[in-house]
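Given chain A, put chain B in place with the hints provided.
Going down the list, the protein sequences come from chains A and B. Position one of the first sequence corresponds to residue 8 (my numbering), numbered consecutively onward. Position one of the second sequence corresponds to residue 162 (my numbering), numbered consecutively onward.
Treat the hints with caution; some may be incorrect.
Here are the simulated PhoX-like pairs of lysine-lysine, each with C-alpha atoms no more than 25 Å apart in a straight line [what the hints assert, rightly or not]: (1) B:Lys-240 to A:Lys-25; (2) B:Lys-240 to B:Lys-390; (3) B:Lys-330 to A:Lys-25.
Hint data in this document are derived by calculation from the structure and do not stem from the laboratory.
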Amino acid sequence: MNFFERLRGERHSAQTAKDRLQLVLVHDRADLPPGKLEALKDDLIATLSRHIEIDVRKVSISLTQDRHQQRLVADIPLAPSRARRRGVG
Amino acid sequence: MTARVATITSGKGGVGKTTATANLGVALASAGFRVVCIDGDIGLRNLDVVMGLENRIVYDLVDIIEGRCKLRQALIKDKRLSDLYLIPAAQTRDKTAVSPQDMIRVAKDLKPDFDWVLIDSPAGIERGFRNAVAPADLVLIVTNPEVSAVRDADRIIGLVEAEEKGPPKLIVNRVKPEMVKRGDMLSTGDILDVLAIELIGVVPEDEIVTVASNQGSPAALDPRSRAGKAFRDIARRMNGEDVPFESLESKDGFFGRISRMVRPGGA
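Just chain A, with the same shape it has in the complex (with noise of 0.2 Å):
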């Protein structure tokens, strides 16, 4: 948001357009529209949590696409160390 923008307490539309559209289009390309990509990510917290402990609520998963490679980026932080450790011990 530039500076005349939050001036006038508003972001431009076409922005949003354009955001909106890349985020479309990266599903629409992977044939994997947000609500599956929902469901990818709930399997693999599953399947990881049977292994290592991690930090559910701050899992995030999304796709990219820089030219023509498509990416499926996931953050997965494991739960703080010490709690890891009690689990464990």
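Coordinates of chain B only, in the frame set by chain A:
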């Protein structure tokens, strides 16, 4: 003469495919090329009224395909331009009356007598679209600066590439430069950032287009029309001319420069 076949398509309806086809036909014929426009929207015939030739129809595309007339008999000569012809769609049939092979055969039969065969595709991605694209040497995708239209264009780009038709080219239609300038309409640059496609034309919104379609006399015939000029430029690019793009929507006004300086990284 061996015509090149250009199909005008979009995915989304109502973005201006038929208007673009009529105007490119007029622009190419005005430049001295022999042109035939085919209405590929079987059951929803419209190119005839946009070109102002609705009163001259005797035979249509399906009559040719089913052998009820000779190809020549279904060619309707334009009122104004001696090198422009129309093959209308059938009005009382549907898309299944035509197959991709039929379209390839009709295009092949037309090629020796023309420089350009333009095919106006129906909206959608089904049979009618596949029919229209089957004989194409060049696919022109029409879109509007709106999320829905650009999204559909992306889908069509994928389908055209899957058909191995060579890279399609993009026409951005109905651009309102004032709205782009104040940041309330996607710019051509925004659209090209998200679509992997080469641009062939930017057509401004122009009231003359509406008046022209009321009268059945495409805007490309009117030297005052900005949209007409844009279509004439596209016709020249189709023939390999290097025509610079006019900056309809330049952000380089005073405000544009200032706001870009203020905004770090343009994000």
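Index of numbered hints that the structure contradicts, given in increasing order: 1
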